[in-house]
Every structure is written in C-alpha cells, then in structure tokens.
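In order, the protein sequence lines correspond to chains A, B and C. Adding 726 to a residue's 1-based position in the first sequence gives its number in the working numbering. Adding 147 to a residue's 1-based position in the second sequence gives its number in the working numbering. Position 206 of the third sequence, counting from 1, maps to 193 under the working numbering, and the rest follow consecutively.
Source of the hints: derived by calculation from the structure; they are not laboratory data. Since this is a predicted model, take the numbers as computed values, not measurements. Possibly wrong hints are sitting among the right ones.
[To be verified] Here are the computed distance ranges between Cβ atoms for each label pair:
id, chain 1, residue 1, chain 2, residue 2, range
1, C, Phe21, B, Asp294, 55 to 65 angstroms
2, A, Leu915, C, Phe40, 15 to 25 angstroms
3, C, Phe21, A, Arg970, 29 to 39 angstroms
4, A, Trp822, B, Asp270, 24 to 34 angstroms
5, A, Ile979, C, Phe112, 25 to 35 angstroms
6, A, Asp972, C, Trp77, 16 to 26 angstroms
7, A, Glu795, B, Glu304, 49 to 59 angstroms
[As the list claims (entries may be wrong)] Listed next, the in silico DSS-like pairs over lysine-lysine satisfying Cα-Cα at most 27 angstroms (straight line):
id, chain 1, residue 1, chain 2, residue 2
8, A, Lys730, C, Lys72
9, A, Lys872, C, Lys81
10, C, Lys72, A, Lys872
Ideal Cβ placement from N, Cα and C applies to all residues, glycine included.
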Amino acid sequence: MKFKTFIWFVGPSLFLMLLFIAAPLVSVFLDSFRITQPVVQTVETETCSAGFLQQTCTTTINTVPVIDEETGRVVTTTEWVGWLSYERVLEPRRAWDAIRSFDYNGLMQIDFWAALRFTVMFTLVTLPLVIGVGLAIALAVNNAAKSLRGPIIFVSLLPFIITPVIGSLSIYWLFVGDGILTRGLEAWLDRDIAMFAQAWTIELLMLFYRVWHVAPFAFVIFYAGLQTVNQDTLESAIIDGASRWDRLRYVIIPHLMPLIVFIALIHLMDSYRVFDEIVGFRAQAYVISLQWLTFDFLAADDAGNRAFSRASASAMLTMIGIVILLIPLLRRTWRDHKGGSH
Amino acid sequence: MFVKRLALAGAVSLAATTAYADGHATCSFENETEVTMLSAAFEAWVAVTDAMVACGNFEPELDQEFRTKQPEGFAANPSLYQLGGVSNGTITPLLNAGTIRPLDDLIEAYGENLTPNQLIQIDGQTMAVAMMVNTQHMMYRSDIFADLGLEVPTAWEDVLAAAAAIQEAGVVDYPLGATMASGWNLAQDFNNMFVGFGGTFVNDDNTPNVNSEAGLAALDMMMRMTEYMDPEFLVSDSTYVQQQFQQGRIAMANLWASRAAAMNNAEESQVVGLIATSAAPLAMEGGAPATTLWWDGIVVAANISDAEAENAFRLAMEGINPATVEAAPDAAIWLIPGYEPNDMSAGAIATATADPAPPSYPSTTQMGLMHTALGNELAAFFTGDVSAEEALAAVEASYTVAAQEAGLLE
Amino acid sequence: MSDIPRAMRQPFALKFGSAAFLAFWCLLAAFPIFWIAVMSFKSPVDAFAASPFDVIFGPATRAAGDGLSILDIVVGVVVLFYTVKLALGWLPRKVVEWAPGGQVWAGWIIGVIGYALGFVLFFFFVLPAVLGVLNPILGPLGNPVLGLTTIHYQSVWVDNQFYQNFLNSLLVTGGVVTVSLTVGTLAGYGLARSGSNIAFWLLIIALIFRALPHSVLVAGYLPVFINSAEILRPILGENAPTLYGQPLAVIAVLVSINQPFTIWMLRSFFQNIPNELDEAARVDGCTHFQAFRWVIMPVMWPGVITTGLFSFLLAYNDFLVTSLLLDATNQTMVPAIAGYFNRETTTTDQVEAVAAAVSITAPLFLLVMVFQRQIVSGLTAGAVKG
Chain A
727 MKFKTFIWFV GPSLFLMLLF IAAPLVSVFL DSFRITQPVV QTVETETCSA GFLQQTCTTT
787 INTVPVIDEE TGRVVTTTEW VGWLSYERVL EPRRAWDAIR SFDYNGLMQI DFWAALRFTV
847 MFTLVTLPLV IGVGLAIALA VNNAAKSLRG PIIFVSLLPF IITPVIGSLS IYWLFVGDGI
907 LTRGLEAWLD RDIAMFAQAW TIELLMLFYR VWHVAPFAFV IFYAGLQTVN QDTLESAIID
967 GASRWDRLRY VIIPHLMPLI VFIALIHLMD SYRVFDEIVG FRAQAYVISL QWLTFDFLAA
1027 DDAGNRAFSR ASASAMLTMI GIVILLIPLL RRTWRDHKGG SH
Chain B
148 MFVKRLALAG AVSLAATTAY ADGHATCSFE NETEVTMLSA AFEAWVAVTD AMVACGNFEP
208 ELDQEFRTKQ PEGFAANPSL YQLGGVSNGT ITPLLNAGTI RPLDDLIEAY GENLTPNQLI
268 QIDGQTMAVA MMVNTQHMMY RSDIFADLGL EVPTAWEDVL AAAAAIQEAG VVDYPLGATM
328 ASGWNLAQDF NNMFVGFGGT FVNDDNTPNV NSEAGLAALD MMMRMTEYMD PEFLVSDSTY
388 VQQQFQQGRI AMANLWASRA AAMNNAEESQ VVGLIATSAA PLAMEGGAPA TTLWWDGIVV
448 AANISDAEAE NAFRLAMEGI NPATVEAAPD AAIWLIPGYE PNDMSAGAIA TATADPAPPS
508 YPSTTQMGLM HTALGNELAA FFTGDVSAEE ALAAVEASYT VAAQEAGLLE
Chain C
-12 MSDIPRAMRQ PFALKFGSAA FLAFWCLLAA FPIFWIAVMS FKSPVDAFAA SPFDVIFGPA
48 TRAAGDGLSI LDIVVGVVVL FYTVKLALGW LPRKVVEWAP GGQVWAGWII GVIGYALGFV
108 LFFFFVLPAV LGVLNPILGP LGNPVLGLTT IHYQSVWVDN QFYQNFLNSL LVTGGVVTVS
168 LTVGTLAGYG LARSGSNIAF WLLIIALIFR ALPHSVLVAG YLPVFINSAE ILRPILGENA
228 PTLYGQPLAV IAVLVSINQP FTIWMLRSFF QNIPNELDEA ARVDGCTHFQ AFRWVIMPVM
288 WPGVITTGLF SFLLAYNDFL VTSLLLDATN QTMVPAIAGY FNRETTTTDQ VEAVAAAVSI
348 TAPLFLLVMV FQRQIVSGLT AGAVKG
C-alpha cells in the first residue's frame, strides 16, 4: 500500500487521537516540569458570616490572589521547576531513608510508594487469575451440553457487561456493615466480621471483584479460540496416546497462546490503572492505587485548589510503569510484525 | 422521589404542598431571559430551584461535580451560569478569582424579604445571600437514655461515659456513630474537635499549626470514641451513620442537622419519634461546642451584564422566599422568614446560639488545602500505622507541599 | 454423542467436576446482580434488612399492600421464559427473514427495539391489569406472598425523568459506536495492509495512548471545553460554540479514547481476511478504497459487530468523561445514578439508585442476549487468531 493511501485510511483516526490524546499528553508532560501559581497578597479582611440569629463578623489576615484590573483575571506566574514535582511525588530522600533502615511501614507512609506497591501487586496477582479462571470457564463451557452453552455464556458475560460503578457497588453492599454476605460469613465462622475495617480484607475483595469482572472477557475470547482448535492435530495426539492433560498442555494452550498474550496485554494496561475499585469500595483509608493518587491530586477541594503539577508527574510515572510492564509483550509484537507483514 | 417526600412533609402545610407537588408553585413575575444556575444537589437546593423553575426560562444544574465546574464556569466570559449555589467552603475560589459580584444594589431593590443575618459580607460588601445554616450536633436515642437513666451529655467526656453505660447495657450494636469516612468527612470531624479544643489551623504567615496540643487532644478524643464505634468507621459517611440510626444500630452521633428529618421518615426509619437532638458537646470546659457552622447561599456571576444580573437576582429571591419554606419546612434549618423550628432542629439552634458560639468554617484557600491534607493523612493514625504526632507531622508536611505549589508559602 | 471417539469420552469425575465448577461460576456471576434486582423491588426497610429472607420476601413491603400472589409469580415466570426463548430463537429468524439483504444490522436494531417495547408494554401494563382482575377471584392463590413494589422504578423513571438520561445515553452511545467504527475500520484496514514500520509504530503509540490514566485527560479537557467559545472566537467568529455540555464533543472524546483498542482489534480482523481478496479486486480495476468498501467490508461484519459491542460497552458505561463534560440537561445515565449517592443521600435515594442501576443493566441484558452468538462467532472468525 502506498504511503499516501495509507494516510488517507489512517488519517481520521490519527487526527482524533492527536487532538484528544496526544495534545493533552504533551501538556501533561510539560505541566510535570512547571508550576503555575497565582501571585498572592496579604490583606486584612472583615468577613461577616450568616448565623441563625445574627451575623458573626471576624477580622482575619488573608492571603488572596491578585486580580488584574484590566482583564479581571487572576495574575499567575509560570515557573520551570525541573524535577521538583517528581521529587514531591516520589519523596526520594524519605523513601531511601526508609529503605536503608528496612522500615517497611515508613516507606508505606509515602503515598506514591504505597500506591505503587498495591498497583503492582494487584496487577500481578489478577493477571494469572484472570487468565486461569477465564480458561477454566472456557474449557468447562466447551465441555457442557450444546443446549446449555447459550444460557451459560449469557450468564457468564454478565459481570463483564455490567457498568463497573454498579458492579463494584453491588458487591460493596453485599459486604459492608452487616451486609448479607458478611452475616453469612459471621454465621459460618461464628465470629464478628468487619470486612472494611482492615486492609487485607478490602484488598481481597478488590482482587475478587476484578477477577469477577474481567474473567468473562478472557473466557469469551478463549472460548472463541477453542472453536478453532485444529481437530486433526487433536486426533493425531489421541492416536499418539497423549493424555487429556498432555493434549491441553501441548495442543490447546499453544494454539491459544496469541490470545493469552492479547488478554495479558489488555489486562496489564487496565489493571495497572486500577481506580474504580478504590472508589467503589471506599478503600482509600487503607489502600490506594496510582491512578487514584493522580485523581486525588486533581480533585478540587472546597477552595478550588488542584495540584496540577504533582498530578501530571504522577500520571507520567504511571505511564512509564505501564510501558515497562509492556516491553516484553511489545517485543513479541514486533517480531510478529516483522515476520507476518504482507 | 422528592415530590413524594414533600407530600409526606406536607402534613404541616397541606394546601401549599399540594400546589407544589403538582408543579404549580407560584411566582410573582414572569421571567423573560434565560437564567442558568449551578449548585450542589441536596434537598434544600431542590426546593429552592423548584420554586424558581415556576417563573419560567430557568435551568438549574444540580450537579455533584459542582466543586470542579463552578470556578471554571464562572471564570468564562460570559459566565456559563448567572447564579451559583455555594457554601462557606465553596465560595472561596469564586471570591478569590473575583468572578462573583457585590449584591448590595440588588438587595436594596429586590431584597425586601431578606434579613440582615442572611447576608455574607466581605469588607462591607455583600457577596452572597444565605438561605440556610447547617452544623453537626448531637443526636441520640431518647428512649435508651430514659431507660438507662442517662443525662443528655453536654461534653465529650460525658459522651464517652454514656457510651460506656450503653455498651454495658448492650441495647444496641454500637453506642456511638461518627462520620469518619476517610477523606473529607474524617477531616471535618477532626476540624470540629480541633476547634472545640481551641486550635487554629494555620498561622498568619500561612504555616500550618495543627501539630499542637489541640491537635493531639482532638486525635486522642477521636481515638477514644472509636472504641464504641462500628470497626468500619473509616468508610462511614453521613448516609451510613443515618442508616445506622434508622436501623436502630447506634444510640448517639454527632451528625449533620440536615439529616435529622430523615429519622422520623416512617418509610425508611425504624426509630420514628425516638431520636432527639441537643447542642454539639463541648470538647473542653468553657469552650465552644466542638463543631463548625456552615451556611449555604446564592451568588451572582460577575461576567454578565448588569441587566442579566438584576433579572437573575430577582429570580433567586423567588427561590428563597417564605413560600419555599412553607413547601419544604423540614428540608433545612432555613434562614428565610416564615421558618418555624421544630423538635428536630432544637439541637442545631442550641449549637448555633451557644455562648461562646462555634466558629464558622473559614472561607480561605489555606483551609481548603488543610482540609485535603487532613483527610488524606489522618486515616493512617486510625488504622494504627502511625502515632498521633507522626500523623499530624505528616498533615503539616503534606499541607506545606500543597501550599508551596499553590504559591502560599515560599 | 456416540460419534465421539472413545478417548474423548470423559470419566465421570471430570464431567462432574466441570459441571460443578460451571454451576458455581454461574452462581457467582449472577448473584450480585440478582441481589440488587431483588433489592430494587422492596421498600427501603426491607431492602436493607438484616435477614436475607426479609430482603427476599419483603414483609414490610407486603404490609404496605404491595405484593405478588402465587398466581402472579407463576404467570410471570412463564411469560419471562417465553420472552427469552423467543428472543433467542424466533426473533433472529424473523429479523433475517424480513430484513432486506445487506441491511440485516438495521433489521436487528428495529427488531430489538420493537421487541423490547412490546415486552415492556405487555409485562408492565397488560399483565398487571389482567392479573388484577384474576387475583381476587382465586382466593388463596391470589393472596400476596412476596412483597414487591415498583414504586422506586416509578419515581426514577417518571418523577426524576430518568428517560431523559436514557435518551441522552442512547444519543452518546449511538454516536460513539457509529463514529468509532467508521473511523476505526478505515484505520484498521490501512494498518493491516501496510507492512511499513510507520504502521507498527503507530500501533505502539496507540497502545501507549491507551495507557494514559483517563482522569488526567479529562481534567485537561474541562477548562478548554468551558472556554472554547472564547478560544475559538478568533477563528469561528460569533458562532463559536461552548463545547462543554455538548453531546457531540463528548462523543468525539469517547471515540478518541477508545480508538487505540478499536484499531488494534479491527486490524487483527482485517489481517485474517486473505490479502488475495483485495488484490483480486485491485486487478479488476478497483481503487484501494473501492476494494475496501465493496469487497472487504461485506465479509467484515462479524468483526465489526464484535468491535462495535466493545465500543458500545465503553460509551454506555463511561462515568469519568460524561460526569465532568456534560451538563444536567445532557446527562447520561451512569453519572445520573452516581448523583444519587453524593446528594444528601437517604435510604430511599439508595434504593432508587439501585432501581436505576437495574434499569440501566436491562438494555445490556437484551443486547448480550441477542448478540451473544455474533460475539462468539465474530471472535472466532477474527480477532482471536491475531
């Protein structure tokens, strides 16, 4: 295909991505190296606030931004600060001190490192679980009677299609306080249980939720893949006397390998950005994730303050983390590209 | 849903309510120009905006993301919204950016229903008109207190003593509830206790001042409270505490006044008529009740023409006139003439009129940063990961970085 | 079953184990959704009751006079069963029969909407009316045994005008699916047929774009969108639009965010269509575009439907973008539901939120029920080989 034709085909998509992803990305990148802040002045103000019977007036020294007389906008200055925002997020000195003195708890008091620990743990634990559970369901469905497959596939897909906010809420309600399942567990184990009162139970619930939510996606892809397993290969394997396990190990899994890579790729990216679970399970007192950290920097407080520079730095760090995780998979894609191009 | 609840509340003022529920609230003038408004979405705002809708050409936007949208929307030229609903926390960015206008002329022309205690004045200029106040105060199960012969506590030490007695009697799951969900709620509970112990959040030079005796005392008191609370307190927000009350699982809590009416809603509550309110307890003798006062009110954008502003303000006055109070008497502790306090608002009024009175929540940029820092860092103390001193030091460090980034500190 | 070779036959233990695992999984997959559906039909006291039996049987709801008799339940279950049965068998047949060739997709859309409307009409209006007459006649069979109220659905859909949000969601979702597929198939085809390094690096960059946390992107859009009238005025003059609150702007954002996934997926579909096909067309004198439109697209439908479903899910379920960039009049369903929680939420609000949540899940149900075979066959035909 000629380059010009190629651009005609790819153009619209490329344009959208450049405008709505690349442009913000560049500004995020730049923002992580600079800080924009208002010019402030200190003034004495008398504030009278509403009261039930009468106003209450107080006089305080206040720091307020300077407003430009002509434009009516707040006067701001922008300064290039180098790695300052990254340092504020990473707190390298404090982290290094904690590492040197083997103070794990101390390290976990730095938001970024606590978030990184959970994010990486979350990603690496859910990855094999999602692939394993997805494959198991696919094999089991493939094994089920033909007439049952339709309804089973339908039910299996439910956790995947349901709106994430609602899915995590529905599970949260089953467990929070004296939720129905917490009561069940209490009756079974004969002890008082509070699922949201310590970190590990919340982490367990979040892991469970993610596997519940994503395994159906892996399942349906694997199930489709199983339909294309070469029957001749399978039969010759049987003639060779391969056991059921051997057939799975040497015929089916290699056939599904590209799919496993595909799922792993998607899943690594998505779970490294874990966010919905933290919000849905209100977990931030105990565990936070990298995207939640970015979100928290960005969230406006009552006074309208947002930590743009630190948010940008933490977003860049999240991206770098994902790219590192993806490198092995990308190298494989590169090989395929070189080998398989037409 | 809202209409239905109104219909219930309407036993008090039947005639007005039916008119209201049918969407035929009356308006003294026909609004000709398009007016938009952005505010929070709680019930009092629904009542106010519903009254304004009756005048026509009015589009309220009751949005949970209003904190993020309001500063941007008002800064646009022309402003995206003519009116805004704010509280003493969320007025700060608008004040700082100068995107809301002084209202004194307009009040003179159209504010005949307003009373002086509704006006929010900065250096003598009225910047907002308040319609309601809110505060956290004591709510307790009057039946349990009567059965056990307990006095209504007026100080936090008494609260703990009463909690111990209730625990002993074993009549409820947990004697105490509190809105200590990590983040905004937890920070607010700390704020209440901290000002109760006479603390000030920041010094005049913008440096933090929470790692002080008052801070330690506040944390210590809150930690002692948690012994009598549901162990999941770090996820319990106002709705959760309200539900705990309604389902009869707790006996007392320092809860928002705006939540009181729901306790007597027979549709969802199992404790109708059993909850009473009293002033927020004192943290230390001779101090103010350990709580802060909040108001909610209306502001008018600066980046619009004077004619538009005049029209919008006139419309706003329709929203906060006595008819609204009559239609939704329990939706808030109204500051609007015609409001008749009921039993459930006794606690809030006792709190607001106490001597010395609790302070208003400060409308400053520093307070916003401090609130976020408190909300993020204090949880580690309650999970037992760090000591009180370490937690407060972490709050100060986190505040300092944020203040440096915002240009408040060098 | 007898044509299965001996070695493929399974020992009982394996069969039993596999069946038990499946049953367990189905329970796990369906239970949370089943449970919120049950909650949405109860009065607030029942919905958050401590005992699971109270939640299921709803004594407080029943006491308030809302309930189902045995007759209601039996008739309801029978009707539901046949609805599903027809949706899986009769509906696809009729759609294929009636739709003119090549326009099957349009037939599907019309068929599904018509079917859903018919069901709602029959199940929620005709049936209650008929049963209302029958119940008092039948004595004990007609006495309510199961507390159930649709009041929350009423307040959500009628009083709170949730249908407005529903229509907005339809608009945004429909727009995203259409634009995303149009733009995506073009790009996917181009990428699949170009062996150049640029194509590869484009794909890799798209992958990295996909890795960017959405919250950062969205926060960057907000000030630009709100001030767009001011920013664009020098270019567009007085007609410069404010992009904030415009469904079209949100569609563009969602399409862009979803583009990386779409082009990766479609590219692998196209790769599985033999190159010889378009080469033959080219030999016959077609341009690249004509070959794409008239030769490749007709065999691409399974892939397009599957990818379209993923776009649909993304747009329909999106919260971050829609909640921040749309105003109240254009609000879609998911942020509208989230709004129930940040209000001065009462228990009634929560049950209503549950009812709203169940309502927005229902179209997804229908969609998957109808397209389920297409998803599997689409994936079998394409993406899974790449």
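A quick look at each hint next to the structure:
| no. | hint | result |
| --- | --- | --- |
| 1 | C:Phe21 - B:Asp294: 55 to 65 angstroms | 41 angstroms, violated |
| 2 | A:Leu915 - C:Phe40: 15 to 25 angstroms | 20 angstroms, holds |
| 3 | C:Phe21 - A:Arg970: 29 to 39 angstroms | 34 angstroms, holds |
| 4 | A:Trp822 - B:Asp270: 24 to 34 angstroms | 49 angstroms, violated |
| 5 | A:Ile979 - C:Phe112: 25 to 35 angstroms | 53 angstroms, violated |
| 6 | A:Asp972 - C:Trp77: 16 to 26 angstroms | 44 angstroms, violated |
| 7 | A:Glu795 - B:Glu304: 49 to 59 angstroms | 54 angstroms, holds |
| 8 | A:Lys730 - C:Lys72 | 51 angstroms, violated |
| 9 | A:Lys872 - C:Lys81 | 23 angstroms, holds |
| 10 | C:Lys72 - A:Lys872 | 16 angstroms, holds |
When the structure is compared with the earlier hints, violations turn up for hints 1, 4, 5, 6, 8 and for no others.
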